[in-house]
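J.: Based on these hints, arrange chain B on the given structure of chain A.
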Amino acid sequence: MRTGASLAVVERPIRPSAVEWEMERGTTQADHEATLLARIARRDAAAFETLYDRYGRAVYSLALRLLGNPQAAQEVAQEIFLHVWRGAGEFIPARGSARSWVLSLAHHRTVDALRRQRVRAVEPLAEGDLGAGGGADVVDQALRGVEGATVRSALMTLSREQREAIVLAYYGGYTQQEIASRLRIPLGTVKTRIRDGMQRLRALLAQTEEERL
Amino acid sequence: MTHEQASELLAAFALYALDRDEARAVSAHMRSCAECQRELAPLQEVAGQLGSAVRQVSPPPGLREAVLAGIQVRQDVIQVRRGWVVGLAAAAAILIVVLTGLGVSLSRQLAGLSTRLAAQEQVLALLAAPSARSVSLTGSVTAAVRFVYDPDRGRGALVVSDLRDPGREFVYQLWLIAGTQPESAGVFRPAPGQPVVLPLAVDFSRYQAVAISVERAPSGALQPTTTPILIGKL
Numbered sequence: 001m002r003t004g005a006s007l008a009v010v011e012r013p014i015r016p017s018a019v020e021w022e023m024e025r026g027t028t029q030a031d032h033e034a035t036l037l038a039r040i041a042r043r044d045a046a047a048f049e050t051l052y053d054r055y056g057r058a059v060y061s062l063a064l065r066l067l068g069n070p071q072a073a074q075e076v077a078q079e080i081f082l083h084v085w086r087g088a089g090e091f092i093p094a095r096g097s098a099r100s101w102v103l104s105l106a107h108h109r110t111v112d113a114l115r116r117q118r119v120r121a122v123e124p125l126a127e128g129d130l131g132a133g134g135g136a137d138v139v140d141q142a143l144r145g146v147e148g149a150t151v152r153s154a155l156m157t158l159s160r161e162q163r164e165a166i167v168l169a170y171y172g173g174y175t176q177q178e179i180a181s182r183l184r185i186p187l188g189t190v191k192t193r194i195r196d197g198m199q200r201l202r203a204l205l206a207q208t209e210e211e212r213l
Numbered sequence: 001m002t003h004e005q006a007s008e009l010l011a012a013f014a015l016y017a018l019d020r021d022e023a024r025a026v027s028a029h030m031r032s033c034a035e036c037q038r039e040l041a042p043l044q045e046v047a048g049q050l051g052s053a054v055r056q057v058s059p060p061p062g063l064r065e066a067v068l069a070g071i072q073v074r075q076d077v078i079q080v081r082r083g084w085v086v087g088l089a090a091a092a093a094i095l096i097v098v099l100t101g102l103g104v105s106l107s108r109q110l111a112g113l114s115t116r117l118a119a120q121e122q123v124l125a126l127l128a129a130p131s132a133r134s135v136s137l138t139g140s141v142t143a144a145v146r147f148v149y150d151p152d153r154g155r156g157a158l159v160v161s162d163l164r165d166p167g168r169e170f171v172y173q174l175w176l177i178a179g180t181q182p183e184s185a186g187v188f189r190p191a192p193g194q195p196v197v198l199p200l201a202v203d204f205s206r207y208q209a210v211a212i213s214v215e216r217a218p219s220g221a222l223q224p225t226t227t228p229i230l231i232g233k234l
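For the protein sequence lines, the chains are A and B, in the order given. Residue numbering for the first sequence follows the working numbering, starting at 1 and increasing by one per position. Residue numbering for the second sequence follows the working numbering, starting at 1 and increasing by one per position.
One chain only, chain A, in its complex shape:
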């Protein structure tokens, strides 16, 4: 059920790329989104509808990217938005943007679904696939789905090892421990790669943002 009013308010992004995301974080948009979550915490269904129109595509796309199956992605997306509805009160504006809160909730629920799938069904990656350079293929495949130019080039700036660890963690849904045993390297090494890689990404993405402002 879409009303004329909500159509007028909602700017449905045609392609919410990383570039647009950075612009959104500017000022008014970010404030507006924090308000949206505060309204949802007060059980405002109209605010929830607006939030869906703004993030439905991003959330579904992320779930689809990780799960690779439209049916599963749809089910998880439903679950994610139910969590948003129930958990909006837990969003604290001082601790980050509304967008990253929604996306991190989406990522967590999707990875949970992915891990449940892995326990139940056949492992999508046979043991050893990631060892002896085999990890590169998996990472390349995951990277092909990354279209945001800013994020893509930032990822490409990392060392191959850092990129591999971060991509397997975020897009592959693997824990540090799982990455270590699959790549047959010490856990400490994975921890270092993830920590250094994330700090590097943080610096790179902050820099790009500054150049844009």
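Note that these hints are calculated values from the structure, not bench results. In this text, all values refer to a predicted model and were calculated from it rather than measured experimentally. Yeah, the Cβ is synthetic: ideal placement off N, Cα and C, and Gly gets one too. Check each hint, because a few of them may be wrong.
Every beta carbon over 10 angstroms from chain A, so not counted as near; a handful from chain B, in silico [as the list claims (entries may be wrong)]: (1) A25; (2) E45; (3) L124; (4) P130; (5) T142; (6) R146; (7) P166; (8) R168; (9) T180; (10) R189; (11) I229; (12) K233.
Examples of chain A residues toward chain B, derived with CB under 10 angstroms [claimed, not checked]: (13) V102; (14) A113; (15) R202.
Derived CB-CB ranges, DEER-like [said to hold, decoys possible]: (16) B/S136 <-> A/R152: 18 to 28 angstroms; (17) A/P93 <-> B/P218: 19 to 29 angstroms; (18) A/S159 <-> B/R133: 48 to 58 angstroms.
T.: Frame of chain A, contents of chain B only:
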């Protein structure tokens, strides 16, 4: 977990790459550590950007409707009116036996809504199963609430025969407990003088208990915000 240990794990925490226990320990530490909260925020933004960068695909049109329907209070809750008579052949005969045992009077009047009809059929089938089990929920309030389930087929139903009204501001929320992790199974309100049945379809091998807490109307909470008033071990 010390501050140093937690601080070292923040990047992996932002990527959701810690195992359950580690993630819980980091969360617990973070609640009281402003420094870690500050450090995590930009890392979480990076993770959000990784999430935003995937190829954007339009969701199927049905998703919007399903999501918006999801925030309504559950529609498939059956209210069994006292004094009604059931005559639904074989399944109903078993239903009478079981529900009578639960202190529930019966209804043959199937609600017009298809969701309710499907839910009723689900409960009938559940109660007819030889492998069905039943537990009584007990706790801090006097109530007649049972949970009936069939672990083999992953079907179950909460049967609320007597539970006081939670007041206009609140609802009851049913939780399935996996380890120490409660997962919501929907919210409900008791109907005065009428039993209420909440059907469920889940894998019961994942859960050790069911619990009911009082939460804010109309949609409850993400995680229990009050101590459960009733618990039943599966």
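J.: Are there hints from earlier that the structure breaks, and if so, what are their numbers?
T.: Failing hints, ascending: 2, 14 and 16.
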